Amino acid sequence: MVKLKSGEQLDKYCEDILKKARKVPMIAISSGTCGQARGSLKLIEAFQDAVKEIKGEVEIKITGCHGFCEAEPNVIVFPDEIFYRNLKPENAKKIVQATLKGEVVSEFVHKEGGKDFVYLRDIPFYKKQMRIVLGHNPKIDPVNIEDYIAFGGYNSLAKALHRRPEEIIDEIKRSGIRGRGGAGFPTGRKWEIAGSQKGDVKYFICNADEGDPGAYMDRSLLEGNPHLVMEGMIIGAYATGATEGWIYVRNEYPLAVKHVTMAIEKATELGLLGDNILGSGYNFRIKIVRGAGAFVCGEETALIRSIEGKRGESRQRPPFPAVKGLFGKPTNINNVETLANIPKIIEKGSLWFSGIGTETSKGTKIFSLVGKAKNTGLVEVPMGITINEIVHDIGGGSPDGKAIKAIQSGGPSGGCIPRELFDLPVDYESLANAGAIMGSGGMIVMDEGTCMVDIARYFTNFLREESCGKCVPCREGTQRMFEILEDISAGKAQEESIEILEELGSVMKDTSLCGLGQTSSNPVRSTLRYFKEEYLAHIKKKECPAGVCKEFIRFSIDPQKCIGCGLCLKNCPQGAITGELKKPHSILPKQCIKCGICMDVCKFNAVFKKV
Amino acid sequence: MSKETIPEVNSFVEECVKTHGRFLIPILQDIQSEYNYLSEDSMRIVSEKLDIPLRDVYGVASFYQAFSFTPKGKHIIIVCLGTACHVRGGAAIADALSRELNIKPGETSQDSMFTLETVNCLGCCAIGPIVVMDGEYHGQMNASKAVKLVQSIKKRCSDG
Chain A
3 MVKLKSGEQL DKYCEDILKK ARKVPMIAIS SGTCGQARGS LKLIEAFQDA
53 VKEIKGEVEI KITGCHGFCE AEPNVIVFPD EIFYRNLKPE NAKKIVQATL
103 KGEVVSEFVH KEGGKDFVYL RDIPFYKKQM RIVLGHNPKI DPVNIEDYIA
153 FGGYNSLAKA LHRRPEEIID EIKRSGIRGR GGAGFPTGRK WEIAGSQKGD
203 VKYFICNADE GDPGAYMDRS LLEGNPHLVM EGMIIGAYAT GATEGWIYVR
253 NEYPLAVKHV TMAIEKATEL GLLGDNILGS GYNFRIKIVR GAGAFVCGEE
303 TALIRSIEGK RGESRQRPPF PAVKGLFGKP TNINNVETLA NIPKIIEKGS
353 LWFSGIGTET SKGTKIFSLV GKAKNTGLVE VPMGITINEI VHDIGGGSPD
403 GKAIKAIQSG GPSGGCIPRE LFDLPVDYES LANAGAIMGS GGMIVMDEGT
453 CMVDIARYFT NFLREESCGK CVPCREGTQR MFEILEDISA GKAQEESIEI
503 LEELGSVMKD TSLCGLGQTS SNPVRSTLRY FKEEYLAHIK KKECPAGVCK
553 EFIRFSIDPQ KCIGCGLCLK NCPQGAITGE LKKPHSILPK QCIKCGICMD
603 VCKFNAVFKK V
Chain B
492 MSKETIPEVN SFVEECVKTH GRFLIPILQD IQSEYNYLSE DSMRIVSEKL
542 DIPLRDVYGV ASFYQAFSFT PKGKHIIIVC LGTACHVRGG AAIADALSRE
592 LNIKPGETSQ DSMFTLETVN CLGCCAIGPI VVMDGEYHGQ MNASKAVKLV
642 QSIKKRCSDG
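Top to bottom, those sequences are chains A and B. Counting in the working numbering, the first sequence runs from 3 upward without gaps. Counting in the working numbering, the second sequence runs from 492 upward without gaps.
What the hints contain is simulated information worked out from the structure, not anything from laboratory work. It should be emphasised that the depicted structure is a prediction, and the values quoted were computed from it without experimental measurement. Beta carbons: idealized from backbone N, C-alpha and C, even for Gly. Certain hints may be false.
Stated by the list, open to error - Ranges of calculated distance between the beta carbons of each label pair, as one might list FRET restraints:
1. B:D542 / A:W354: 51 to 59 Å
2. B:D650 / A:Q576: 22 to 30 Å
3. A:R165 / B:R546: 44 to 52 Å
4. B:Y528 / A:P321: 49 to 57 Å
5. B:R546 / A:R317: 16 to 24 Å
6. A:W354 / B:E539: 54 to 62 Å
7. A:W354 / B:Y528: 28 to 36 Å
8. B:R535 / A:K260: 29 to 37 Å
9. A:N607 / B:R535: 54 to 62 Å
10. B:E539 / A:R165: 34 to 42 Å
11. A:P321 / B:E539: 29 to 37 Å
12. B:P498 / A:H164: 50 to 58 Å
13. A:K7 / B:R546: 49 to 57 Å
14. B:E531 / A:A405: 54 to 62 Å
Said to hold, decoys possible - With a straight-line cut-off of 16 Å between C-alpha atoms, the simulated EDC-like cross-links for lysine to aspartate or glutamate are:
15. A:K95 / A:D51
16. A:K129 / A:D143
17. A:K534 / A:E498
18. A:K312 / B:D547
19. A:K376 / A:D402
20. A:K161 / A:E10
21. B:K509 / B:D521
22. B:K595 / B:E608
23. A:K572 / B:E591
24. A:K14 / A:E105
25. A:K25 / A:D51
26. A:K596 / B:D586
27. A:K552 / B:D586
28. B:K639 / B:E591
29. A:K612 / A:E450
30. A:K141 / A:E61
31. A:K312 / B:D625
32. A:K44 / B:E627
Claimed, not checked - These stretches of chain B come out as covered by chain A in the derived footprint (C-beta under 8 Å, 3 or more residues):
33. 507-516
34. 549-563
35. 578-588
36. 606-613
37. 617-629
38. 633-639
Whole structure, please, built from the sequences with the hints as guidance.
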């Protein structure tokens with residue numbers, strides 16, 4: 003491979019790629035981790051075989067995730083962007099044949115509300131999105147750097163290297179972009195502080211320790227377009243004067259680790275990374291570090307200690323990492339999604355970027371819309387869009403007609419927002435005022451079948467296990483909160499527990515050492531704020547309105563619906579089901595452990611929960 | 492699993508130090524993936540080679556979930572307990588597997604065949620609940636499907 007020594011050589015390299023590109027239809031197969039879990043690898047084989055067999059002029063491209071996870075495995079046929087969903091290997095041949103004839107196979111297109119949607123741009127899930135960061139995912143093979151360069155990749159880096167670092171920092175400041183990892187600190191300001199530090203050695207870290215359960219945009223970006231993140235990182239490193247970089251990736255993301263490792267190698271070979279980048283005289287290297295499974299390491303000071311080979315315990319700030327970070331040197335840390343925005347800002351200018359979004363929140367934000375919604379997946383929307391638009395217009399509302407009750411936003415440190423507030427615009431301030439946070443962008447939809455006490459218990463248990471244990475309010479507070487919530491969901495609590503939870507919550511918020519501890523009471527505080535009556539129902543009426551908390555529910559069999567097939571009896575792990583073949587069965591309440599297996603296996607919907 | 496000897500571990504750790512320098516966590520990660528656990532011997536060797544007190548090596552190893560001090564089983568089952576999997580019934584799956592295998596999450600069965608683990612999120616939330624069996628992802632699981640998955644592996648093992 004040649005080493006590119008200037009921006010002009012990069013342009014030339016890009017032209018050569020475009021010249022040799024085949025002008026044939028392209029079938030892009032979504033193959034991120036979700037896609038692979040749904041069988042995309044077999045689908046790829048089937049498509050490749052079909053093309054060989056038919057000897058057609060069609061290009062097969064293996065890409066990262068297309069965002070519409072519910073429709074996995076899916077393909078997009080370019081140039082028209084025809085979207086085929088939930089495919090099986092045996093469908094491949096039909097699609098290749100139709101593509102060659104310029105036809106559409108209508109049986110595999112997206113259907114919603116009795117209508118067919120052939121093209122990606124018309125599908126409600128995509129229609130309201132603004133995919134400036136995720137947009138290239140479906141067109142790029144993440145392990146092929148040429149694909150990225152063909153779309154103008156690394157052009158922003160070439161442009162940036164011709165400018166003074168201070169000019170780049172100014173541009174980023176003017177764009178108004180704020181950190182996408184949680185707290186929303188202005189990125190330009192962060193770079194300015196790191197850039198103004200004296201010293202020969204400075205570090206630049208990309209925080210890809212995406213620990214919030216329910217959020218996976220960083221995984222999708224690193225798997226599907228690793229060079230975009232790296233380009234943003236190299237620009238940031240140049241602007242802040244960093245000499246060495248680290249990408250800290252969660253160990254639970256093996257495919258992301260693989261793709262980033264390959265991306266670093268390729269970029270170094272081409273002279274886009276390493277010594278004398280694009281002939282500019284600037285040197286920068288990137289190392290990859292795998293996390294070892296600790297949620298707290300998403301917090302910047304804990305992350306730094308983890309790279310240093312220590313326990314991932316957070317420390318007091320100041321000094322901020324920008325002043326004294328990794329190995330005591332000035333260190334800048336940015337989240338994956340933040341960095342993925344940088345090349346676009348340099349390419350199109352801060353004015354363009356600051357034109358998107360609201361007064362205080364600029365640009366787009368990627369949310370992972372999951373839980374009880376019809377169309378789940380990654381959605382990138384302009385800041386300021388309402389929660390209603392995300393949940394109903396993009397997400398398609400409830401999958402089974404149950405009323406949607408709330409969303410949970412921002413991971414364990416976030417909070418719940420009830421449906422009465424769904425007209426709120428999505429920006430940093432509105433969400434914070436409502437008791438939640440933007441966080442990393444997890445948005446979990448909850449319906450009548452979700453118990454808010456159970457959700458609070460779930461997150462508190464999570465935080466109790468993940469608390470690093472260094473400071474008392476967080477370590478003991480989460481533990482005590484969890485015990486009280488256990489009592490509430492077991493029907494053993496008194497009314498004063500609510501008061502204790504509220505008091506504990508405010509002490510934990512005020513006195514914990516780091517961000518994890520200070521926000522660890524949010525799940526409880528926000529559910530108490532909006533769903534106190536659910537807590538009271540558990541405590542006073544001894545019932546769980548959502549039918550989740552085991553103590554308050556009972557499984558029964560509807561004799562009208564049961565045909566006596568015996569499937570539940572066979573599968574019950576406790577022998578708690580009796581009945582003769584072909585006659586209605588029944589459940590013995592004393593033996594039943596409420597595992598729900600009978601309900602899972604029943605083909606006649608005869609098993610139901612009694613609240 | 493064959494029992495590793497001290498000279499073997501010694502030379503393996505030397506290789507790791509060559510690759511990773513003084514970075515403790517990547518070295519421990521390599522040992523974990525090579526031997527499936529961190530033995531006391533291996534931690535002593537790391538401590539000597541890096542000149543880090545043994546208590547610190549143990550302190551780090553016990554802090555992170557990725558490390559285990561007992562050998563993991565031949566088959567590793569991971570149940571995702573992320574939020575999206577939780578609201579769709581992930582906990583019931585973990586309970587059912589616990590009963591089926593007679594071990595708690597984090598434990599390994601007596602015959603060293605199965606290790607049951609839970610994870611906070613695999614980032615495949617849209618297709619939850621997720622169970623990962625020996626690296627293979629299974630989406631939209633429920634308790635009975637998960638139990639059948641384990642039973643099929645048990646059967647395969649006993650059939651030879």
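Against the structure, the hints:
Our hint of 51 to 59 Å for D542 of chain B and W354 of chain A holds, since their Cβ atoms are close to 53 Å apart. At about 27 Å, the beta-carbon gap between D650 of chain B and Q576 of chain A stays in the expected band of 22 to 30 Å. Checked against the given bound of 44 to 52 Å, the beta carbons of R165 of chain A and R546 of chain B, roughly 50 Å apart, stay inside it. The hint said 49 to 57 Å for the Cβ distance between Y528 of chain B and P321 of chain A, and at roughly 38 Å that hint is violated.
For the pair R546 of chain B and R317 of chain A, the supplied restraint of 16 to 24 Å holds, since their beta-carbon distance comes to about 20 Å. Checked against the hint of 54 to 62 Å, the pair W354 of chain A and E539 of chain B passes, with Cβ atoms roughly 57 Å apart. Range check, W354 of chain A to Y528 of chain B: about 53 Å between beta-carbon atoms, so the 28 to 36 Å window is missed. Checked against the hint of 29 to 37 Å, the C-beta distance between R535 of chain B and K260 of chain A comes to roughly 32 Å, which is consistent with it.
A hinted range of 54 to 62 Å for the beta carbons of N607 of chain A and R535 of chain B is consistent with their spacing of about 59 Å. For E539 of chain B and R165 of chain A, the hinted distance range of 34 to 42 Å is not satisfied, since their beta carbons lie about 50 Å from each other. Look at P321 of chain A against E539 of chain B: about 34 Å separates their beta carbons, and that is inside 29 to 37 Å. At roughly 56 Å, the beta-carbon separation of P498 of chain B and H164 of chain A lies within the given 50 to 58 Å, and the hint holds.
The beta-carbon spacing between K7 of chain A and R546 of chain B, approximately 51 Å, falls within the hinted interval of 49 to 57 Å. Range check, E531 of chain B to A405 of chain A: about 56 Å between beta-carbon atoms, so the 54 to 62 Å window is met. Only pairs whose Cα atoms come within 16 Å are accepted, and K95 of chain A paired with D51 of chain A is accepted, the gap being roughly 8 Å. The straight-line distance between the Cα atoms of K129 of chain A and D143 of chain A is roughly 24 Å, outside the 16 Å bound, and the hint therefore fails.
Taking the CA atoms of K534 of chain A and E498 of chain A, the gap is near 13 Å; set against the 16 Å cutoff, the hint holds. Proposed proximity of K312 of chain A and D547 of chain B is supported: the alpha carbons are some 8 Å apart, at most 16 Å. Only pairs whose Cα atoms come within 16 Å are accepted, and K376 of chain A paired with D402 of chain A is accepted, the gap being roughly 8 Å. Proximity of K161 of chain A to E10 of chain A is assessed by CA-CA distance (about 11 Å); at most 16 Å being required, the pair is judged to hold.
Our distance criterion of 16 Å between C-alpha atoms is met by K509 of chain B and D521 of chain B, whose separation comes to about 12 Å. Of the supplied pair hints, the one linking K595 of chain B and E608 of chain B holds, its CA atoms being roughly 8 Å apart against a limit of 16 Å. Annotation: proposed proximity of K572 of chain A to E591 of chain B holds, straight-line Cα distance about 14 Å (limit 16 Å). Between K14 of chain A and E105 of chain A the alpha-carbon distance is near 36 Å, which puts this suggested pair outside the 16 Å criterion.
Distance hint between K25 of chain A and D51 of chain A is unfulfilled; the C-alpha atoms sit about 21 Å from each other, more than 16 Å. Note on K596 of chain A and D586 of chain B: the hinted pairing holds, with a Cα-Cα distance of about 11 Å set against a maximum of 16 Å. This hinted pair checks out: K552 of chain A and D586 of chain B have alpha carbons roughly 13 Å apart, not beyond 16 Å. A C-alpha spacing of about 10 Å is found between K639 of chain B and E591 of chain B, which places the hinted pair at or below 16 Å, so the restraint holds.
Distance check on the hinted pair: K612 of chain A and E450 of chain A sit about 15 Å apart at the alpha-carbon level, within 16 Å; holds. In summary, the hint linking K141 of chain A to E61 of chain A is supported, as the alpha carbons are separated by about 12 Å, within the 16 Å threshold. Restraint check: the Cα-Cα separation between K312 of chain A and D625 of chain B comes to about 29 Å, which exceeds 16 Å; the hinted pair is violated. A distance of roughly 13 Å separates the Cα atoms of K44 of chain A and E627 of chain B; the hinted pair therefore holds under the 16 Å criterion.
A count of 4 residues in the region 507-516 of chain B with a Cβ less than 8 Å from any Cβ of chain A is obtained; the coverage claim is therefore met, three being the minimum. Only residues whose C-beta sits within less than 8 Å of a C-beta in chain A count toward coverage, and the region 549-563 of chain B has 7 of them, enough to reach three; the restraint holds. Chain A is given as covering the region 578-588 of chain B, and this holds because 6 residues of the stretch bring a CB closer than 8 Å to a CB of that chain, at least three being needed. Counting residues of the region 606-613 of chain B whose beta carbon lies closer than 8 Å to any beta carbon of chain A gives 4, which meets the minimum of three for the stated coverage.
Counting residues of the region 617-629 of chain B whose CB falls under 8 Å from any CB of chain A gives 6; the rule of at least 3 is met. Counting residues of the region 633-639 of chain B whose C-beta lies closer than 8 Å to any C-beta of chain A gives 5; at least three are required, and the coverage claim holds.
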